[in-house]
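Taken in sequence, the protein lines are chains A and B.
Just so we're aligned, residue 1 is where the first sequence starts under the working numbering, counting upward by one.
Just so we're aligned, residue 1 is where the second sequence starts under the working numbering, counting upward by one.
Hints were generated in silico from the structure; no laboratory data involved.
If a hint is listed, it holds; no wrong ones were tucked in.
For lysine to aspartate or glutamate, the following EDC-like pairs were computed, each having C-alpha atoms within a straight-line distance of at most 20 Å:
1. Lys86/A / Glu180/B
2. Lys301/B / Asp266/B
3. Lys86/A / Glu187/B
4. Lys577/A / Asp35/B
5. Lys86/A / Asp418/B
6. Lys84/A / Glu187/B
7. Lys287/A / Glu187/B
8. Lys84/A / Asp418/B
9. Lys84/A / Glu180/B
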Amino acid sequence: MIQSYDVIVVGAGHAGNEAAAAAANLGASTLLVTMNMGVVGQMSCNPAMGGIAKGQIVREVDALGGYSGLVSDKSAIQFRMLNKSKGPAMWSPRTQNDRNLFAQTWREMLEATPNLDFWQDGVVGVVVEQGRCVGVRTNLGMTIRAKSVVLTNGTFLNGLMHIGEKQFGGGRAGERASMGITEQLVELGFDSGRMKTGTPPRVDGRSLQFDKMEEQPGDASPGRFSYLPKHPIQRQIPCHITYTSPEVHDLLREGFDRSPMFNGRLRGLGPRYCPSIEDKIDRFADKDRHQVFVEPEGWNTCEIYVNGFSTSLPEDVQLTAMRKIPGFAHAKMFRPGYAVEYDYFPPTQLQHSLETRLVPGLYFAGQINGTTGYEEAACQGIMAGINAARSTWNKEPITFSRSQAYIGVLIDDLVTKGTEEPYRMFTSRAEYRILLRQDNADERLTPMAHDLGLASDERMQALEKKLEGVSSLRKGLQKLSIPPADALPALEEAQSSPLKHAVRAQEILSRPHVHLSGMQEHIPSVQQVCAPHGPEVLEQVEIQVKYEGYIAKEQDMADRLGKLDHLRIPADLDFHKLTSLSYEGRQKLSDRKPNTLGEASRISGVSPSDLSVLMVYLGR
Amino acid sequence: MNSPFRDAVDGATICAISTAPGAGGIAVIRVSGKDALPLGSKVFSKALNEINDRSIAFGKFKDAKGIMLDEGIALVMRGPGSYTGEDTVEFNIHGSPYIQREVMQALIEAGCRQAGPGEFTQRAFLHGRLDLTQAEAVADLIAAEHAGAHRLAIDQLRGGFAREINALREALIGFAGLLELELDFAEEDVEFADRQRFDDLLADLLKRVGQLADSFASGNALKEGIPVAIVGAPNRGKSTLLNALLGDERAIVSDIPGTTRDTVEDACTIDGLRFRFIDTAGLRDTKDQIEAEGIRRALAKAASAATVLLLLDVTQDSGEDIQDRIDALSLPDTAQVMVVWNKCDLGPKPNDSSLGLPSIELSAATGAGMDALRNELLKQHRANDHGHQLVVTNLRHFEALTSAQKALQSVRNGLSQDTPGDLVAVDARLALHHLGEITGAVHADDILGHIFSHFCIGK
Numbered sequence: 001m002i003q004s005y006d007v008i009v010v011g012a013g014h015a016g017n018e019a020a021a022a023a024a025n026l027g028a029s030t031l032l033v034t035m036n037m038g039v040v041g042q043m044s045c046n047p048a049m050g051g052i053a054k055g056q057i058v059r060e061v062d063a064l065g066g067y068s069g070l071v072s073d074k075s076a077i078q079f080r081m082l083n084k085s086k087g088p089a090m091w092s093p094r095t096q097n098d099r100n101l102f103a104q105t106w107r108e109m110l111e112a113t114p115n116l117d118f119w120q121d122g123v124v125g126v127v128v129e130q131g132r133c134v135g136v137r138t139n140l141g142m143t144i145r146a147k148s149v150v151l152t153n154g155t156f157l158n159g160l161m162h163i164g165e166k167q168f169g170g171g172r173a174g175e176r177a178s179m180g181i182t183e184q185l186v187e188l189g190f191d192s193g194r195m196k197t198g199t200p201p202r203v204d205g206r207s208l209q210f211d212k213m214e215e216q217p218g219d220a221s222p223g224r225f226s227y228l229p230k231h232p233i234q235r236q237i238p239c240h241i242t243y244t245s246p247e248v249h250d251l252l253r254e255g256f257d258r259s260p261m262f263n264g265r266l267r268g269l270g271p272r273y274c275p276s277i278e279d280k281i282d283r284f285a286d287k288d289r290h291q292v293f294v295e296p297e298g299w300n301t302c303e304i305y306v307n308g309f310s311t312s313l314p315e316d317v318q319l320t321a322m323r324k325i326p327g328f329a330h331a332k333m334f335r336p337g338y339a340v341e342y343d344y345f346p347p348t349q350l351q352h353s354l355e356t357r358l359v360p361g362l363y364f365a366g367q368i369n370g371t372t373g374y375e376e377a378a379c380q381g382i383m384a385g386i387n388a389a390r391s392t393w394n395k396e397p398i399t400f401s402r403s404q405a406y407i408g409v410l411i412d413d414l415v416t417k418g419t420e421e422p423y424r425m426f427t428s429r430a431e432y433r434i435l436l437r438q439d440n441a442d443e444r445l446t447p448m449a450h451d452l453g454l455a456s457d458e459r460m461q462a463l464e465k466k467l468e469g470v471s472s473l474r475k476g477l478q479k480l481s482i483p484p485a486d487a488l489p490a491l492e493e494a495q496s497s498p499l500k501h502a503v504r505a506q507e508i509l510s511r512p513h514v515h516l517s518g519m520q521e522h523i524p525s526v527q528q529v530c531a532p533h534g535p536e537v538l539e540q541v542e543i544q545v546k547y548e549g550y551i552a553k554e555q556d557m558a559d560r561l562g563k564l565d566h567l568r569i570p571a572d573l574d575f576h577k578l579t580s581l582s583y584e585g586r587q588k589l590s591d592r593k594p595n596t597l598g599e600a601s602r603i604s605g606v607s608p609s610d611l612s613v614l615m616v617y618l619g620r
Numbered sequence: 001m002n003s004p005f006r007d008a009v010d011g012a013t014i015c016a017i018s019t020a021p022g023a024g025g026i027a028v029i030r031v032s033g034k035d036a037l038p039l040g041s042k043v044f045s046k047a048l049n050e051i052n053d054r055s056i057a058f059g060k061f062k063d064a065k066g067i068m069l070d071e072g073i074a075l076v077m078r079g080p081g082s083y084t085g086e087d088t089v090e091f092n093i094h095g096s097p098y099i100q101r102e103v104m105q106a107l108i109e110a111g112c113r114q115a116g117p118g119e120f121t122q123r124a125f126l127h128g129r130l131d132l133t134q135a136e137a138v139a140d141l142i143a144a145e146h147a148g149a150h151r152l153a154i155d156q157l158r159g160g161f162a163r164e165i166n167a168l169r170e171a172l173i174g175f176a177g178l179l180e181l182e183l184d185f186a187e188e189d190v191e192f193a194d195r196q197r198f199d200d201l202l203a204d205l206l207k208r209v210g211q212l213a214d215s216f217a218s219g220n221a222l223k224e225g226i227p228v229a230i231v232g233a234p235n236r237g238k239s240t241l242l243n244a245l246l247g248d249e250r251a252i253v254s255d256i257p258g259t260t261r262d263t264v265e266d267a268c269t270i271d272g273l274r275f276r277f278i279d280t281a282g283l284r285d286t287k288d289q290i291e292a293e294g295i296r297r298a299l300a301k302a303a304s305a306a307t308v309l310l311l312l313d314v315t316q317d318s319g320e321d322i323q324d325r326i327d328a329l330s331l332p333d334t335a336q337v338m339v340v341w342n343k344c345d346l347g348p349k350p351n352d353s354s355l356g357l358p359s360i361e362l363s364a365a366t367g368a369g370m371d372a373l374r375n376e377l378l379k380q381h382r383a384n385d386h387g388h389q390l391v392v393t394n395l396r397h398f399e400a401l402t403s404a405q406k407a408l409q410s411v412r413n414g415l416s417q418d419t420p421g422d423l424v425a426v427d428a429r430l431a432l433h434h435l436g437e438i439t440g441a442v443h444a445d446d447i448l449g450h451i452f453s454h455f456c457i458g459k
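Build the full structure now, drawing on both the sequences and the hints.
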């Protein structure tokens, strides 16, 4: 009844949608299978995209031609560039989103994508023939064939939800779990594990007293995620901040004996970085308050997401304690917070292409690999989609190095180090943070994505225009000589010492605390040179000039250490024969089969002396 | 691929004569590798695998045809507890070059391979028995000719240096962790370390790294010899003094002024302390271009020496213009000057007490007063002995420490200028990288090759 496809993507969350879009846009006939077409691109947790390190990832996905950036821009109700007071590596875009508009936009964009079909059904297993994955089996008893399959099951594999002492099967509030896939994959030889995550309660905004909270408005001149200026953000809604108190903590503690977290019913490992409120007051008993972000769910709803108050305590405890938070005295709850446990497959079973080593043709992306976060899921999705499509044409997989993209860092971490708790991206995971900025993801990734056929001509032209502008403005500032008197007002404003003789505009810009905006304002000749260029060009030039030394240092390190990533380890090398390797090193290397010395060096359990053995063995 | 390294990981068994080349009472041949016991048994009258670990057996040595070569002892040490981490046999045989050669030949015919330079130590490193600094210390230990160098090498071999570097790395990782915390959790409600804490941590790190880097000058002097320059006008007997100190006809001596045109140097050990004596061209105004160049070099050597011996002649010089002569050398403030009156067998020493410098009278020709000079040198430099403080003697370590120091200084400047944390972190990571280079926790491509090329065969 159903035709066969090049690529089948199972799951329509952030990973699945990006995978389906990428495969289809590359020209593969693609089928997106989801249990519920009503919630394509659901934000299961907080209604926000981006943030520190995550915002950089959304920019990278966008630069590759993915949809997450455009969807987020179109559905944004607030935009903030976080960390503006720090250096450019830390500037991180973040949006609050209209949850329904976000999902609706995803569905519209996917429906407008050629080569992409949809099918609403549950997948109960994959079809493996002669060791290769060639399709999926569904709840309706169908077998749909494909050349490759991408699994993005999120929290649905044997999903089990907990609220206090109650537990029920399901992957998300109101949606049933997916059974059978884990069992089949384990039978095929995969290792599986269990993780958990949680969400906070949602409340009725009409019942809150916002005047008892701090207001957190969006940026005065909001930016956007996408390098394409399709959906500028025009209106914004503020969020609010309030705090828990010792009284709130005491009330929460009263429910601990009925908490699945503390009575041992929850087995999975939760994220240390995004703990539940009961976790926080248990582990940081000396802290007498915790931040609570009050986030609107959208333009046309009064529903509020109580970020920072994630919990799986009984609903009565949740409500009683919450009502002691300033502004929440009369809060009405729409739905309680809950924890969800789900199966994942330790990602060390993957290749860097996200294809499983055990079953060619089978790809994993998103929470199934032990990550947490929409952005982490989306970037795996786009890579899995690209590589699943390319494999159907016998093309080499596309991977990124750690100095090329956060996506490269994330996938390399997963594949070489694995993860035992939900993996979230941090900027400190990247060795070359200054190179992987949110402002240059287009320069880093778009040309390659354009060559692949994923990034549109429109994107490439936008990049070329930006680069031309950057080059011309840099030349302009290099040539432009500023006399001391002209520079004085701008320097005084920046509390920088006056010039003794005329210097080039570029040199003035490289001083600490001097900004191009201030120079434009006070120096007419600078204003003139800058006038033809847009804000992206000005920002890019300012970053390049001000942080030149740091960028050069990291680039130098990346070049030197990157050499290890070019030293290939033969695929047929039998690590067990290298008796000089430590026992653990031999096990880990045989298990992970690193392609390069660089990958080997990052596998935990491979010691420096193991690496020396490999180095000398490979004739270094 | 015929890299000798490859065998270490492939499992070739290696052998080498570990004692000094030539004839001796006893020679030691060492065999290491996974087949050391079976292959060794082929040249020995007893089955080595039946000998207990760390035990010795007496037996006969034979060649491939079964002809007896010698009698001696086999010491069996099984891996991974042996030096190399592999099964090892040490044969003690009689020290005739012929027997040594024949036993080696028999071992090679049995299937062993002649070890390359430093290969035993390299295997110890590859098997994780030594870290990089310890492996380097083994090379220094073998090369140590005097007590100072020996003690430095032993300290390093015991791992003290690596421990200090690792402790520094850990402190730095702790510091970097605080920096990163501020960056990645800026939006969250965590408490950050105050600036004072950052600065205290950094000051401590800088102090420790600085001390280690600074110890290189004296550490290297201890290892290579403390430089002592002999300077003076022509024909004062500088070369005679050098020869007397070395106990050797090292420099050419004649009555013709200006015989020494270039610097001549050699080292010797005085009571366990190593000195490197430098004979220089006589200082005078000259039109001879070659001699002028010699004098330029003499002045340069004097300027870089730890001690300068200003050599005067009791028959030619007075005590009055000594300060002028010293001033003419333009020495750095750190140089110690000693006035040495030569030819004291030919006349009395003029009075020079107004200078307040140590003053020695001696006769390099007869040897009179030489001990007084040696004692004065020891007195000066014993005080600089580092006792059991850690001292850096290796150029590679010194360079890495200097780079780390530079990066840490940038971190400090950055913090004091309120540079954003993500930029400060770049330098903190650089500093970590450089410290890691020392112990091998970070791999720079060519470290290994460089280190292992500095070993002699048999170790």
